[in-house]
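K.L.:
Sequence:
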Amino acid sequence: MFQKNYETVFILTPVLSEVQMKDTVDKFVDLLKKEGADVINVENWGLKKMAYPIQKKSTGFYVLVEFKAEPTLIKKLEVELRRDEKVMRFLTTVLDKHAIVYAERRRKGEFNKKAEAKEEQA
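Numbering (the numbering used here), first residue to last: 548 to 669.
To be clear, the hints were calculated from the coordinates, so they are not data collected in a lab.
By construction, the Cβ of each residue, glycine as well, lies at the ideal position given by its N, Cα and C atoms.
Among the hints, erroneous ones may be present.
What the hints assert, rightly or not - List time: in silico DSS-like cross-link candidates among lysine-lysine, alpha-carbon distance up to 30 Å: (1) K644 to K603; (2) K574 to K615; (3) K580 to K569; (4) K644 to K551; (5) K551 to K622; (6) K551 to K580; (7) K633 to K596; (8) K623 to K569; (9) K604 to K551; (10) K633 to K574; (11) K615 to K551; (12) K644 to K574; (13) K581 to K655; (14) K633 to K580; (15) K622 to K603; (16) K603 to K551; (17) K623 to K551; (18) K633 to K623; (19) K603 to K580; (20) K569 to K615; (21) K644 to K604; (22) K655 to K551; (23) K603 to K655; (24) K615 to K644.
Said to hold, decoys possible - Derived Cβ-Cβ restraints for the label pairs, each shown as a range: (25) L563 to R653: 22 to 32 Å; (26) E590 to V641: 30 to 40 Å; (27) L594 to F549: 34 to 44 Å.
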């Protein structure tokens, strides 16, 4: 079969330590690799405030995972995300050709305005 590009963002509960959060992320990345997916990028966005409370919590650890996989793998990944009580929310999307180009540019840091502002001041 053919592989598509996917992007999954999930929010982990804020009561986790840094080590527990990294272990949870590694668990899902390992699941993807074990099932034959090509993990392109894993971004830890850190502890962020949410727009509205989820499970009576107003913050959460945001994680983005970009990968290439066969469409049948998504069902397995989402079942594991639902089973893990540390995951409060998740969203998996298929990347079209424009989103793939945008993701590559984002990885290179083209949209990092804070870094650009610091360079201009120096």
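K.L.:
Taking the hints in turn, state whether each one holds.
P.N.:
Here's how the hints hold up against the structure:
For the hint pairing K644 with K603, the CA-to-CA distance comes to about 38 Å; that exceeds 30 Å, so the pair is violated. Between K574 and K615, the direct Cα distance comes to roughly 17 Å. Compliance with the 30 Å bound is thereby established for this hinted pair. A distance of roughly 16 Å separates the Cα atoms of K580 and K569; the hinted pair therefore holds under the 30 Å criterion. Straight-line distance between C-alpha atoms of K644 and K551 comes to about 10 Å, which keeps the hinted pair within the 30 Å bound.
Between K551 and K622 the alpha-carbon distance is near 14 Å, which keeps this suggested pair within the 30 Å criterion. A distance of roughly 15 Å separates the Cα atoms of K551 and K580; the hinted pair therefore holds under the 30 Å criterion. Distance check on the hinted pair: K633 and K596 sit about 17 Å apart at the alpha-carbon level, within 30 Å; holds. Using a Cα cut-off of 30 Å, the hinted pair K623 and K569 holds, with the two alpha carbons roughly 21 Å apart.
Of the supplied pair hints, the one linking K604 and K551 is violated, its CA atoms being roughly 34 Å apart against a limit of 30 Å. With a C-alpha separation of about 12 Å, the suggested pairing of K633 with K574 holds against the 30 Å cut-off. With a C-alpha separation of about 5 Å, the suggested pairing of K615 with K551 holds against the 30 Å cut-off. With a C-alpha separation of about 28 Å, the suggested pair K644 and K574 falls inside the 30 Å cut-off, and the hint holds.
Pair hint K581 plus K655 holds up; C-alpha atoms about 27 Å apart against a cutoff of 30 Å. Only pairs whose Cα atoms come within 30 Å are accepted, and K633 paired with K580 is accepted, the gap being roughly 21 Å. With a CA separation close to 28 Å, the supplied pair K622 and K603 stays within the 30 Å bound. Distance restraint check for K603 and K551: the Cα-Cα separation of roughly 35 Å exceeds the 30 Å cut-off, and the hinted pair is therefore not satisfied.
Simply put, K623 and K551 have alpha-carbon atoms about 15 Å apart, close enough for the 30 Å limit, and the pair holds. Between K633 and K623 the CA atoms are separated by roughly 17 Å; this keeps the pair inside 30 Å, and the hint holds. A C-alpha spacing of about 33 Å is found between K603 and K580, which places the hinted pair above 30 Å, so the restraint is violated. A threshold of 30 Å between alpha carbons decides the hint, and for K569 with K615 the separation of about 21 Å falls inside it, so the pair holds.
Among the hinted pairs, K644 with K604 is inconsistent with the structure: their alpha-carbon atoms are about 36 Å apart, more than 30 Å. The hinted pair formed by K655 and K551 meets the criterion: a straight-line CA distance of about 21 Å does not exceed 30 Å. Straight-line distance between C-alpha atoms of K603 and K655 comes to about 36 Å, which puts the hinted pair past the 30 Å bound. This hinted pair checks out: K615 and K644 have alpha carbons roughly 13 Å apart, not beyond 30 Å.
The beta-carbon spacing between L563 and R653, approximately 26 Å, falls within the hinted interval of 22 to 32 Å. In this structure, E590 and V641 break the distance hint of 30 to 40 Å, their C-beta atoms being roughly 18 Å apart. With their beta carbons about 37 Å apart, L594 and F549 fall inside the hinted range of 34 to 44 Å.
Hint check: violations occur at hints 1, 9, 16, 19, 21, 23 and 26; the rest are consistent with the structure.
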